[in-house]
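Chemist: Each chain, written out:
Number of protein chains: 2
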Amino acid sequence: MAGAKVTIYQVAALAGVSPATVSRVMNGARVSPESERLVRAAAEQLAFTPNRTARRLRRQYSEVIALIIPDIENPFFTALARGVENRARAGGYSVVLCNTDDDPVRESTYIDIALAEHMAGVILAPADAASDVSRLVARQRPVVAVDRSLNRADIDAVTVDNRAGGLSAAESLFAAGFSRVACITGPSSVETAQLRMEGWQQATRDRSEAGDAELLRYADYRVDGGRLAMAELLALREPPDAAVVANNLMAAGALDALQDAGLSPAAFGLAVFGDLPFASFERRGIRVVDLPARELGEAAAALLLDRIAGDDGPARTVVLRTDHRTRERQ
Amino acid sequence: MAGAKVTIYQVAALAGVSPATVSRVMNGARVSPESERLVRAAAEQLAFTPNRTARRLRRQYSEVIALIIPDIENPFFTALARGVENRARAGGYSVVLCNTDDDPVRESTYIDIALAEHMAGVILAPADAASDVSRLVARQRPVVAVDRSLNRADIDAVTVDNRAGGLSAAESLFAAGFSRVACITGPSSVETAQLRMEGWQQATRDRSEAGDAELLRYADYRVDGGRLAMAELLALREPPDAAVVANNLMAAGALDALQDAGLSPAAFGLAVFGDLPFASFERRGIRVVDLPARELGEAAAALLLDRIAGDDGPARTVVLRTDHRTRERQ
DNA sequence: GAAGTCTAAGAAATCGATTTCGTCAAGCAT
DNA sequence: ATGCTTGACGAAATCGATTTCTTAGACTTC
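Protein sequences, first through last, are from chains A and B. The first sequence maps to residues 1 to 330 in full-length UniProt numbering. The second sequence maps to residues 1 to 330 in full-length UniProt numbering.
Check before you lean on any hint, since a few could be wrong.
[Unchecked claim] Under the rule of at most 25 Å between Cα atoms (straight-line distance), these lysine to aspartate or glutamate pairs were calculated in the DMTMM-like manner: (1) A:K5 x B:D206; (2) A:K5 x B:D312; (3) B:K5 x A:E44; (4) A:K5 x A:E44; (5) B:K5 x A:D132.
Derived from the structure by calculation, the hints contain no laboratory data.
Between the sequences and the hints, there should be enough to build the whole structure, so can you do that?
Modeler: This is the structure we're talking about:
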């Protein structure tokens, strides 16, 4: 009715029972049908909503999970977030999205907040493999690493097979007839960047023509880094005729650089990790290693919800497959 | 130290003072230097973090604000979210991101959660102009509408001048020599879609050649809707030679359709609301009405923080200007 | 030196829901 | 009929920090 807050005491008074009974009704404990009727009517009439803060303080627990990601403006992570949210909502949980900009300090702050807020669990795309989740573990809060794994064996993780993806991306370029296949990957400190590069390396190592160190560029997983790296590659005395690019943002930059050089992505040979959500028509001819972002999120959430529900089996690592294919149409 | 939770009582015991004094130290109230030293040392030693749930229950208030958006996978909203987050963090607040998929029921649920969680305020990009914020108002929780305004005059809002944007977008196409300028806008129930269309309408109304009703298409603000609308326009007996597209996603679809028809965006004449984050090289020649997404978020957060701090002046509406320009380079 | 401020800090109440504990009465077996 | 179980439910403790309310000194002021 009124806007003022309604407490369990007021409902109890109106229904003529004790607050304990109201609580029992709201939580499905055994109550006589008569009491239940009275309480429900009173709650309805007063538009009673239980105060979650009080409940949480008492229960030491809340139906909220934290999702900590490095870059909220990267579509890969928003798709992942959507996967997490879908799964969590289905299980009755809300998701709090925390953006770290790959800053370990901010990540650490968010972990503290998750603890202090009594969140039920944390899904973390770690800024660094050495990210410190020990406080969570010590307090027995479930944690799942997603996209990138952590340096510790006791934490659940959901990742994709990055090495296989890098390998198949490079192989598909060779199979299409390209011979000098370069690689633009992310920071060497980031696991996915390293593994994707290793896949490429494995494919190129054997081919006499290709095992050239100058064809490998470490960039920063951002648009400008991709542009710069591609520009450098094209300026080589013996430039590549194709490249594996380790994420979507750098691919956008690389496309730019190709365009500047008057090359078309199809003729040049480009294989990219992850989708280019807005580059719809230009991406024809680009090979895409499908990163199942939403599925990653769903799998991570499912795993976390299991843990929250009490599953305390040994740590699991779920590795999703990457498909790759050539884009013909969106 | 240990993982177990540390309470204010343990800190008090170790420091040899009362819990009240510990609280005073933690909150900057007057305490003797000696007590302060003792408390800080004890807190440090035990790695004490105040339990936010308990604090919130007592204070009836938390340093968390909710940001409710219709589509987390739309870069416009993530950029807006980043603006909110930056500003909120600077003010010591955390942001909880809630995604509604334009579903009024989910929106309503999130509003209830914000209330039950004692959040300090809500920034809402309403799914519908009739979205019900009355519960928030009744409970005196600050609310700011962003991007789209609400049907009520007592709520702060931060928007852009959509009509002016639509007008200048259309004008710039006419000025560039195009004569049949179409418009692909969003659902007629969405305010921004309506206003952008009206701007276009105003520009075309006077030009004899252009005031053609069939050149106006209502779509759904999504990629496929844009593609379809553009395909329909191109199939007209007398197709347009240019178009104003009311958001970024539909523009991606429209570009697709143009490509299918063998037209280049520059030759066709395309003016788009909002940036196309990944279509870097193809967007040359496209006219972009800059939507200052991040600034919208920052302005909304600033306004909300003012309200939270107690500002209870009359409701304000902040209208940001849209700049438009032609893309030459990313 | 007596009366009147301050100040620091402890004791205890408080926020609102949950949960333990205990009581009372009804139901059942012997 | 007696003793025992069972179920409903109220009273009161609890979660942990904040916030009165008090009290005991220390310091002014005339």
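Chemist: Each hint needs a verdict: does it hold in this structure or not?
Modeler: Hints, one by one, checked against the model:
no.	hint	result
1	A:K5 x B:D206	violated (56 Å)
2	A:K5 x B:D312	holds (21 Å)
3	B:K5 x A:E44	violated (37 Å)
4	A:K5 x A:E44	holds (14 Å)
5	B:K5 x A:D132	holds (18 Å)
Of the hints listed earlier, those the structure fails to meet are numbers 1, 3, in rising order.
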